[in-house]
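S.K.: Please model the entire structure based on the sequences and the hints provided.
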Amino acid sequence: MKGLALKPLVSAMALTFALGACSSNTVSNDDSNIAPNVVAQQIIDHNATNPFFKPYDTYMGIPDFDKIKPEHYLPAFKAGIAQHKAEIQAIIDNPDAPTFANTIEAMEFSGELTTKVASVFYNLTGADTNDELQAISKEVSPMLSSAGDDVLLNDKLFQRVKTVYKQKENLGLNVAQHKLLEDTYKSFTRGGANLSEADKVKLRALNEKIGKLSLEFGDNLLAETNAFELVVDSEADLAGLPQDVINTAAQTATKRGHEGKWVFTTQRPSITPFLTYADNRDLREKIYKGYIERGNNNNANDNKKILAEMAALRAERAQLMGYKTHAHFVLEERTAKTPENVYQLLNKVWPAALGQAKAEVADMQTLIDSEGGNFKLAAWDWWYYSDKIRVAKYSFNEQQTRPYFSLENTLKGVFYTANRLYGITVKERTDLPKYNDEVRTWEVFDKDGSLMAIFMGDYYVRDSKRGGAWMNAYRQQYNMNGVDSTPIIVNVLNYPRPVGDEPSLLTFDEASTLFHEFGHALHGMLSDVKYRSQAGTSVPRDYVEFPSQVMENWMTQPEVLAQFAKHYKTGEVIPQALVKKIQAASKFNQGFATVEYMAATKLDLDWHTLTDFTPKDAAQFEADSLNKMGLIGEIAPRYRSTYFSHIFAGGYSAGYYSYLWSDILGADAFEAFKENGIFDKATADAFRNNILSQGGSEDPMLLYKQFRGKEAGIEPLLRSRGLLSK
Numbered sequence: 004m005k006g007l008a009l010k011p012l013v014s015a016m017a018l019t020f021a022l023g024a025c026s027s028n029t030v031s032n033d034d035s036n037i038a039p040n041v042v043a044q045q046i047i048d049h050n051a052t053n054p055f056f057k058p059y060d061t062y063m064g065i066p067d068f069d070k071i072k073p074e075h076y077l078p079a080f081k082a083g084i085a086q087h088k089a090e091i092q093a094i095i096d097n098p099d100a101p102t103f104a105n106t107i108e109a110m111e112f113s114g115e116l117t118t119k120v121a122s123v124f125y126n127l128t129g130a131d132t133n134d135e136l137q138a139i140s141k142e143v144s145p146m147l148s149s150a151g152d153d154v155l156l157n158d159k160l161f162q163r164v165k166t167v168y169k170q171k172e173n174l175g176l177n178v179a180q181h182k183l184l185e186d187t188y189k190s191f192t193r194g195g196a197n198l199s200e201a202d203k204v205k206l207r208a209l210n211e212k213i214g215k216l217s218l219e220f221g222d223n224l225l226a227e228t229n230a231f232e233l234v235v236d237s238e239a240d241l242a243g244l245p246q247d248v249i250n251t252a253a254q255t256a257t258k259r260g261h262e263g264k265w266v267f268t269t270q271r272p273s274i275t276p277f278l279t280y281a282d283n284r285d286l287r288e289k290i291y292k293g294y295i296e297r298g299n300n301n302n303a304n305d306n307k308k309i310l311a312e313m314a315a316l317r318a319e320r321a322q323l324m325g326y327k328t329h330a331h332f333v334l335e336e337r338t339a340k341t342p343e344n345v346y347q348l349l350n351k352v353w354p355a356a357l358g359q360a361k362a363e364v365a366d367m368q369t370l371i372d373s374e375g376g377n378f379k380l381a382a383w384d385w386w387y388y389s390d391k392i393r394v395a396k397y398s399f400n401e402q403q404t405r406p407y408f409s410l411e412n413t414l415k416g417v418f419y420t421a422n423r424l425y426g427i428t429v430k431e432r433t434d435l436p437k438y439n440d441e442v443r444t445w446e447v448f449d450k451d452g453s454l455m456a457i458f459m460g461d462y463y464v465r466d467s468k469r470g471g472a473w474m475n476a477y478r479q480q481y482n483m484n485g486v487d488s489t490p491i492i493v494n495v496l497n498y499p500r501p502v503g504d505e506p507s508l509l510t511f512d513e514a515s516t517l518f519h520e521f522g523h524a525l526h527g528m529l530s531d532v533k534y535r536s537q538a539g540t541s542v543p544r545d546y547v548e549f550p551s552q553v554m555e556n557w558m559t560q561p562e563v564l565a566q567f568a569k570h571y572k573t574g575e576v577i578p579q580a581l582v583k584k585i586q587a588a589s590k591f592n593q594g595f596a597t598v599e600y601m602a603a604t605k606l607d608l609d610w611h612t613l614t615d616f617t618p619k620d621a622a623q624f625e626a627d628s629l630n631k632m633g634l635i636g637e638i639a640p641r642y643r644s645t646y647f648s649h650i651f652a653g654g655y656s657a658g659y660y661s662y663l664w665s666d667i668l669g670a671d672a673f674e675a676f677k678e679n680g681i682f683d684k685a686t687a688d689a690f691r692n693n694i695l696s697q698g699g700s701e702d703p704m705l706l707y708k709q710f711r712g713k714e715a716g717i718e719p720l721l722r723s724r725g726l727l728s729k
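Counting from 4, one number per residue, gives the positions in the sequence shown under the numbering used here.
Hint data in this document are derived by calculation from the structure and do not stem from the laboratory. Possibly wrong hints are sitting among the right ones.
Claimed, not checked - Pairs of lysine-lysine, DSBU-like flavour, derived with a Cα cap of 30 Å:
1. K307 x K141
2. K684 x K708
3. K708 x K351
4. K70 x K212
5. K340 x K215
6. K677 x K569
7. K619 x K590
8. K533 x K189
9. K631 x K169
10. K258 x K70
11. K182 x K533
12. K327 x K203
13. K289 x K264
14. K677 x K415
15. K584 x K171
16. K631 x K379
17. K289 x K631
18. K590 x K631
19. K450 x K215
20. K430 x K684
21. K351 x K361
22. K533 x K57
23. K391 x K292
24. K165 x K391
25. K450 x K569
26. K264 x K391
27. K584 x K569
28. K182 x K708
29. K289 x K307
30. K289 x K619
31. K215 x K72
32. K430 x K572
33. K159 x K215
34. K189 x K258
35. K533 x K292
This structure is a prediction, so every number in the text was calculated from the model and none was measured.
M.R.: Shown next as structure tokens:
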């Protein structure tokens, strides 16, 4: 149940491009007859103390979190929208003939204030939300969407863009400029610019409904996750659990008003060790069902009707735009290109993965029978019995690794790896603004000693933070319009807090996730582009996970482990014998891991290849989908529909396959490092110069070929997962 990266990035052209597909409304009926620039200035004049309306008086322009209050967001968004509207109108009213500079670049340079506000607001709604922010989000979302639609559906602006686009071969543009022009034009055509006026009205309505439903889905899921608790009041029911897990549960119980008891939740740092080690099978079943039934309890937080309506509305919107399905619309802009290509990829991997999973079931059932268990393996038994087999087969379980992977030491390993590869160094600062006391901040210096980025880490689980792990940016890197922007990047994870005198100790899997997320951070920090909309992770969704998948590989290298995997008490380096066990066990349980992920991927595609607009019975649709793919009963999809926030409250609709697609690239790319040396300077420089620094400034697959010298093959991935046929 490893947490995969969720990355809700705020686009540099947030209004112009990204927000056009949310929902629709007007900023203020009272302002309809006043010039937008006047509206903006009136708002600013009436909110003189609003920190968004002046440069942050902080080191490197880090958001001034202490001064930013909930009441500042709404006027700042309204002023930003009005300013952007005035900037767009100035482009339209320009009497000069449309050019790349006065139209395409002018649009790229617009929307500064809205981007500034949104980058703070949407980071906090994910990482440190509260009731006030959630209420503001519901009000702001339709405003932003309407503003986005106002741009993308403006025919006069589109005609200027089209004029420049038709001249693209004669403008002498460089690669990045050509890509910006292509992306801008596509944003208009995919945003409905070619629709009739009547269909534009329909599109706005669909965007509004989808945006509102997405917010409701996410709020319901957060409420469901926070509501569930497994309260244990008998010490006997803790049998099998490691002491650090018990200590954390006691801490959670105290926090939740159950003094003297133990509380386990559906947050992954809590549920995963419980399912893995708790001997009480009935309690394992209870917490497992609490997890997989989130959003499916027929209560006020039920998500079935919401998600079914979203899928139907997305199908309707796609056909309005001239596409067969929502998946066809989405994948046109991804490296996969079509859902047919994705299904074809999945069907190449699925048989081997399912066969391996069935073999794993047989092994566990044999163990259950040998122990005298009079029951058939169920889904809530998988972690428990697979761990027993891992111990028996490899004399290894993840609890053996915890003492060697304290959060502090693992961070040192991450920074060591980045230094060896790219020459970057870090210096922690405790005097810089932060949005929560638990956030840590580092200055990041390039190999020439220059300040390259500000990096924030938010590592501990809390109720105000949604689940999972992700990277985001408070400010993107760019060098445009006379501004050389230093990126401010954040990693957000959900690790257990330290208990007593002990540090936060990570499982091997959790430590690997830290490397993964820092791979995303490197993509943002090493970005070196001119245009903000092309910075860092501004790449197709099925490519964005690729650099982070590559970064995970260094975690398992003995040379790297020796640098940081040290016992938190004794300082002893992780024994080579244990490292060999880790490597030997790395392919263990890969049938399960691959199948549960691919089941969610297929479920996502099934929802988004619908062609009719009638909302389905969500429970029946999911059951039919899982039955069609042949999923065995002992495995549930990594995400069932009602808590599949990636696709119903995030940016992965018709795109959850991206992790597998990126993993193919990642496994193939790391072959180059294995061939030349894991810290080979030429290979690392090629990866930085062709992948990490280029962002979305060029076609990503061309960049990959420039790095690797060939297209990626699937064999390295299958080999790494132990799924390659002998």
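S.K.: Taking only the CA atoms, is the gap from K619 to K590 under or equal to 30 Å?
M.R.: violated, 38 Å
S.K.: With the threshold set at 30 Å, check whether the alpha-carbon distance from K684 to K708 stays at or below it.
M.R.: holds, 19 Å
S.K.: So if I understand the rule, the pair passes when the alpha-carbon distance is 30 Å or less; does K289 with K619 pass?
M.R.: Status holds; Cα separation ~28 Å.
S.K.: Is the hinted pair K159 and K215 satisfied, with a Cα-Cα distance of at most 30 Å?
M.R.: holds, 29 Å
S.K.: Holds or violated: K677 with K569, Cα cutoff 30 Å?
M.R.: Measuring from Cα to Cα gives roughly 25 Å; hence the hint holds.
S.K.: For the pair supplied as a hint, K391 and K292, confirm whether the alpha-carbon distance does not exceed 30 Å.
M.R.: holds, 22 Å
S.K.: Does K215 lie within 30 Å of K340 when you go C-alpha to C-alpha?
M.R.: With Cα atoms ~28 Å apart, K340 and K215 stay inside 30 Å; holds.
S.K.: Assess, step by step, whether the Cα of K189 is no farther than 30 Å from the Cα of K258, and give holds or violated.
M.R.: violated, 50 Å
S.K.: Holds or violated: are the alpha carbons of K289 and K631 at most 30 Å from each other?
M.R.: Roughly 28 Å between the alpha carbons, so the hint for K289 and K631 holds.
S.K.: Could you grab the alpha-carbon distance between K450 and K569 and see if it respects the 30 Å cut-off?
M.R.: At roughly 27 Å apart (the allowed maximum being 30 Å), K569 and K450 satisfy the hint.
S.K.: Within 30 Å, alpha carbon to alpha carbon, are K584 and K171?
M.R.: Violated, at about 57 Å.
S.K.: Are K70 and K212 close enough, with their CA atoms no more than 30 Å apart?
M.R.: violated, 34 Å
Of the numbered hints given earlier, the model fails hints 4, 7, 9, 15, 19, 24, 34, 35; all others are met.
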